[in-house]
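Heads up: the protein sequence lines correspond to chains U and P, in order.
Per numbering that gives the first Met the number 0, residue 0 is the first one in the first sequence, and the count goes up by one each step.
Per numbering that gives the first Met the number 0, residue 0 is the first one in the second sequence, and the count goes up by one each step.
Source of the hints: derived by calculation from the structure; they are not laboratory data.
Even glycine gets a Cβ: it sits at the ideal position worked out from N, Cα and C.
Heads up, a few of these hints could be off.
What follows is a list of derived Cβ distance ranges for each label pair [said to hold, decoys possible]: (1) U:Ser-52 / P:Tyr-162: 34 to 44 Å; (2) P:Gln-189 / U:Ala-69: 49 to 59 Å; (3) U:Ser-55 / P:Gln-220: 43 to 53 Å; (4) U:Glu-38 / P:Phe-134: 22 to 32 Å; (5) U:Lys-67 / P:Ser-23: 33 to 43 Å; (6) P:Trp-223 / U:Gly-84: 56 to 66 Å; (7) P:Thr-186 / U:Lys-67: 53 to 63 Å; (8) P:Tyr-162 / U:Ala-69: 52 to 62 Å; (9) P:Thr-157 / U:Thr-108: 45 to 55 Å; (10) U:Asp-85 / P:Glu-83: 35 to 45 Å; (11) U:Ser-52 / P:Ser-23: 50 to 60 Å; (12) P:Phe-103 / U:Lys-67: 24 to 34 Å; (13) U:Pro-100 / P:Ala-98: 27 to 37 Å.
In silico SDA-like pairs for lysine to any residue, Cα to Cα no more than 20 Å straight-line [unchecked claim]: (14) P:Lys-57 / P:Ser-76; (15) U:Lys-57 / P:Met-24; (16) U:Lys-111 / P:Ser-28.
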Amino acid sequence: MKKSLGIVILSILFVGCVPVPTPVIGAGTGIGAGVMHSEYGQAPHNYATAIRSYFSTKIKRGSTAQYKFAPPRRAFKRKGLVYGGDVAWKGWIVETTVAVPTRTGRYLTPRKYMVLFSGEQVVEEILGTHHKLITLVDR
Amino acid sequence: MANFNTHFTVAAGASAVVSATLLSMEVVSPEQAVIAFGLGTLGGLLPDVDSAHSTSIKVGFNVLSLLMTIMLIFAKSSTYSLVEMFIASAVVFVGIRYAFLELFRKISKHRGMFHTIPVAVIWGIVIAILGQWFFELNSLVSWVYGFMIAFGYLVHLTLDELYSVDLGNRRMKKSSGTALKFGMFKTKEQKIHTAVIYAVIPMLLMLAPNTEMLETALFSQDAWLTFTDVILPYDGKWFFH
């Protein structure tokens, strides 16, 4: 019984260790809305070219891949809990769908990436459209 | 029951095959394949950490205490001085390697709940959670690492079960059925333990990374086609690419 109780307590502690996400900062229209916008900077304009160029060296056969882009959205990313969990990046995310050919030339099911921007610069790419440390401000 | 060396060799061999396949299918990068191989091998040693004086428990707690110490250094290197970090690291290392190990030895029972399939699943989910929340890994890589730990764990349980067959005398040993099992159901206490273990799984899944990428990469029609593409040379030219 003690062991069972121990497992339950450990699980609750483990679940409880995960930090509560910072409240989402809305786009807002009132006073101060501009300040909140400025934290994220301007949305990237040439994101398609920047992403194509970035992936051409980042992934295998990236230069022959097929790309689709969603409009940029504001977001922020926390550091991993090992590194302290603070907000590490605020900027714009462009969800990008990339279909890469295999070595035989067959195109794989497209993979979705979140491409993180600071200004016009690609900061990093994250495979998938969900990550526990990323919060999308614009839904 | 297989010994430490057998578990190590078989888990390493099986993990090498799986991680090389994942690399070949371009699910993981070469560096990630090496980590996946290491985790699969470690998973193959984990079930025996409930055996008070096994080599696995020493290896397991050495790895755990070193990992926790390194994590502390990562987290506090920008705020702690060298002396503070040294003291905190020593406390964490000694606390886990010796104090926690002694406590663990007292409460665990060999071939108890640790030798069950749901515990393998829990290890897999926990590693996936740690990968994403603590080390910022994407969902696919987090789950691949979790999958490898669970895979290594299941290899160990299967091997133990295979060793419970006495091929010479053509009979089942007494240990048969104690390794690869879905839970323990003999006593009331065992039933409660089993229920708790199963109840923990959905709780952990709430924290776990999204599984969509893993499903596409490993368990889809596309994954199967990719696998068949890499089995043999696609253009018939052996060794000349």
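Checked hints:
Taken as a hint, the range 34 to 44 Å is violated for the pair Ser-52 of chain U and Tyr-162 of chain P, whose Cβ atoms sit roughly 56 Å apart. Separation of Gln-189 of chain P from Ala-69 of chain U is about 51 Å and conforms to the stated range, judged on CB atoms against 49 to 59 Å. Restraint check, Ser-55 of chain U to Gln-220 of chain P: a C-beta distance of roughly 28 Å breaks the suggested window 43 to 53 Å. A beta carbon spacing of about 26 Å between Glu-38 of chain U and Phe-134 of chain P agrees with the range 22 to 32 Å that was offered as a hint.
Taking 33 to 43 Å as the suggested C-beta distance range, the pair Lys-67 of chain U and Ser-23 of chain P does not conform, at roughly 27 Å. Checking the proposed 56 to 66 Å range against Trp-223 of chain P and Gly-84 of chain U shows it is violated: the Cβ atoms sit about 39 Å from each other. Distance hint for Thr-186 of chain P and Lys-67 of chain U: a CB-CB separation of about 58 Å, consistent with the stated range 53 to 63 Å. Here the CB-CB span from Tyr-162 of chain P to Ala-69 of chain U is close to 54 Å, well matched to the stated 52 to 62 Å.
Hint check: Thr-157 of chain P to Thr-108 of chain U, Cβ distance near 32 Å, so the stated range 45 to 55 Å is violated. Separated by about 20 Å at the C-beta atoms, Asp-85 of chain U and Glu-83 of chain P break the suggested range of 35 to 45 Å. Taking the beta carbon of each, Ser-52 of chain U and Ser-23 of chain P are about 28 Å apart, not inside 50 to 60 Å as hinted. The given range of 24 to 34 Å is broken by Phe-103 of chain P and Lys-67 of chain U, whose C-beta atoms sit roughly 51 Å from each other.
The given range of 27 to 37 Å is broken by Pro-100 of chain U and Ala-98 of chain P, whose C-beta atoms sit roughly 55 Å from each other. The straight-line distance between the Cα atoms of Lys-57 of chain P and Ser-76 of chain P is roughly 28 Å, outside the 20 Å bound, and the hint therefore fails. A C-alpha spacing of about 17 Å is found between Lys-57 of chain U and Met-24 of chain P, which places the hinted pair at or below 20 Å, so the restraint holds. Our distance criterion of 20 Å between C-alpha atoms is met by Lys-111 of chain U and Ser-28 of chain P, whose separation comes to about 17 Å.
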